[in-house]
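The listed protein sequences derive, respectively, from chains A and B. Sequential numbering of the first sequence, starting at 147, is according to my numbering. Sequential numbering of the second sequence, starting at 147, is according to my numbering.
If you are wondering where the hints come from, they were derived from the structure by calculation, not from laboratory data. Among the hints, erroneous ones may be present.
Listed below are the simulated DSBU-like cross-link pairs for lysine-lysine, each with C-alpha atoms no more than 30 Å apart in a straight line [unchecked claim]: (1) 167/B <-> 149/B; (2) 320/A <-> 422/B; (3) 333/A <-> 333/B; (4) 422/A <-> 213/A; (5) 276/A <-> 224/A; (6) 320/A <-> 333/B; (7) 320/B <-> 233/A; (8) 224/B <-> 433/B; (9) 233/B <-> 213/B; (10) 218/B <-> 167/B; (11) 276/B <-> 149/B; (12) 218/B <-> 149/B; (13) 320/B <-> 333/A; (14) 213/B <-> 333/B; (15) 233/A <-> 219/A; (16) 218/B <-> 333/B; (17) 167/A <-> 167/B; (18) 276/B <-> 233/B.
Number of protein chains: 2
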Amino acid sequence: MPKLNPEELDEIYAFAVDLGKNAGRMLLDAANLRFGNDRPEDQAHVEKDNAVDLVTQTDEDVEAYIKGQISKKYPTHKFIGEESYSKGASRDYLIGDEPTWCVDPLDGTVNYIHLFPMFCVSIGFIVNNKATIGVIHAPFLNQLFSACAGRGAWLNETQPLPLIRDPIPPMPEKAPSGCVFSCEWGKDRRDQPDSNLHRKVESFVNMAAEIGGRSGRGGMVHGIRSLGSATLDLAYTAMGSFDIWWEGGCWEWDVAAGIAILQEAGGLITTANPPKDHLTASIEDVKLGSRLYLAIRPAGLSSTESGRQGQERTVREVWRRVRNLDYSRPGV
Amino acid sequence: MPKLNPEELDEIYAFAVDLGKNAGRMLLDAANLRFGNDRPEDQAHVEKDNAVDLVTQTDEDVEAYIKGQISKKYPTHKFIGEESYSKGASRDYLIGDEPTWCVDPLDGTVNYIHLFPMFCVSIGFIVNNKATIGVIHAPFLNQLFSACAGRGAWLNETQPLPLIRDPIPPMPEKAPSGCVFSCEWGKDRRDQPDSNLHRKVESFVNMAAEIGGRSGRGGMVHGIRSLGSATLDLAYTAMGSFDIWWEGGCWEWDVAAGIAILQEAGGLITTANPPKDHLTASIEDVKLGSRLYLAIRPAGLSSTESGRQGQERTVREVWRRVRNLDYSRPGV
């Protein structure tokens, strides 16, 4: 695969930002139609796994729009979209070395159905298996997040991420205490011993409980937040609003754009599931497609450690408090 | 107490909206100073109950501004603000029949410290113990919620609440299934048997789990959201984005404005704690100051029940799944 030169990348980035703006506007226009018109539950929707997972016509229309624009402008690029993938039979990981667009036309579908503002379009561009460009547009919030490798990460194209940056604060000394912890309940709600629901809840409670509680695992985080959008969780971690995001079960279109933005902003992303030697294991960047994610916000240096050291210390403190989650896929 | 006439109320409402706009701007200006300047943890702050509860200088400045404006314009009105109250020794309920302003200069303090956008100023005006005017301004989200008894509830002064309103959707037939459930972890993190933390978590899991799970209590809600701001939880319930909000421990300045907006939009608010005869108990409006709240979004009629009937059915379904919380105060 020939490498993209800087001018080509600049052009693709500008194209992706425009695409995100337009697609976000389509989402908002479709939502506005519902103010005083159709109610969301009346919209055509198809039940996927269960009532928690709805997909609307808008979802498909926006994906078709994005896919059409990309294939017109970059006919040689590969395209993976949530809607088209979900309708296929395979659950294989489809991203290779070639330039690939990885798109969720509507992340936060439940929010969108209920008109809770935390929904967005998410457009990632991946080269050599690295999330290189990310554009996230949450039109009801007027928030556009964007990043391209080597060109910084931005809120609304003007405000560099993370927001607080002169200096960027180090991770709190007693992390996860002092941290805002972002997590999601998800749609796997099986009430069986050791189900993902119960593993998650046990982990959440460990993070929340007072220091000394939970047999020494109490993390006394500063706050726990659940937005219902993996993409926006990542965007707010890149922004520095969330210190820690821990989640399992996402697919690559949920996270590709967010990872590009988080990493360009200086954040770290690794696996949600603690390795056996979690105190000493080297902390590797997560593999896109692994479905298991732990993100730490951009961090500055303190008097005793570098930003990366603070992030890695935080990763180990999270691993000490969370359960392994049971999400897998073929081929990874 | 002489009743306020409609013109007086209109004037007070317009004054409250202006106050909310200005106070929100002050919050955002102080936040902007921190982009690239001070980091939040470096700001002067005082630890209150524990690390989860921080109060910043901005909080006090904004309260002083609001209090000053009110005492200049309406010197006979009573004023209760979070900051001034918290510094007093009494935990009595201070609102009587006289016109009273009940103000939280900064709700979502933890969010504000971390620059997560879910923070706001909350201004309530209470007459004869009824929340009559509410103004909530979340400046980082560009969202201003306002309501005055008899004058409707509004987003950004132009969009009536709830957003979806022609018709307003009925409560889902199998509520809480199909509902977005909003709840908060709060700052009581004691890891003791039967602590509020564990009562809350048990309740959350009941609401989340699959139908048939949890010994028949599984509610399979559509989503669980935690924003870290009671005020915005209420605003989004009034908007219709959240179907159910359940919380204990709030003080009256956390909820006064939100209750005014929710009720004017057509929502219901009662107590979080299930009465013994929860299947048949009459469902009364919550008493401001009770510290225990269960809010249901505005609901339209279905083919089988009125909006109110659907809301009351939902209240009973929530009561069936939640634990009593242990929050009290003197004199209530």
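Each hint tested on the structure:
| no. | hint | verdict |
| --- | --- | --- |
| 1 | 167/B <-> 149/B | holds (27 Å) |
| 2 | 320/A <-> 422/B | violated (43 Å) |
| 3 | 333/A <-> 333/B | holds (26 Å) |
| 4 | 422/A <-> 213/A | violated (41 Å) |
| 5 | 276/A <-> 224/A | holds (14 Å) |
| 6 | 320/A <-> 333/B | holds (17 Å) |
| 7 | 320/B <-> 233/A | holds (28 Å) |
| 8 | 224/B <-> 433/B | holds (19 Å) |
| 9 | 233/B <-> 213/B | holds (15 Å) |
| 10 | 218/B <-> 167/B | holds (18 Å) |
| 11 | 276/B <-> 149/B | holds (13 Å) |
| 12 | 218/B <-> 149/B | holds (21 Å) |
| 13 | 320/B <-> 333/A | holds (17 Å) |
| 14 | 213/B <-> 333/B | holds (27 Å) |
| 15 | 233/A <-> 219/A | holds (25 Å) |
| 16 | 218/B <-> 333/B | violated (36 Å) |
| 17 | 167/A <-> 167/B | holds (28 Å) |
| 18 | 276/B <-> 233/B | holds (25 Å) |
In summary, the numbered hints that this structure violates are 2, 4 and 16.
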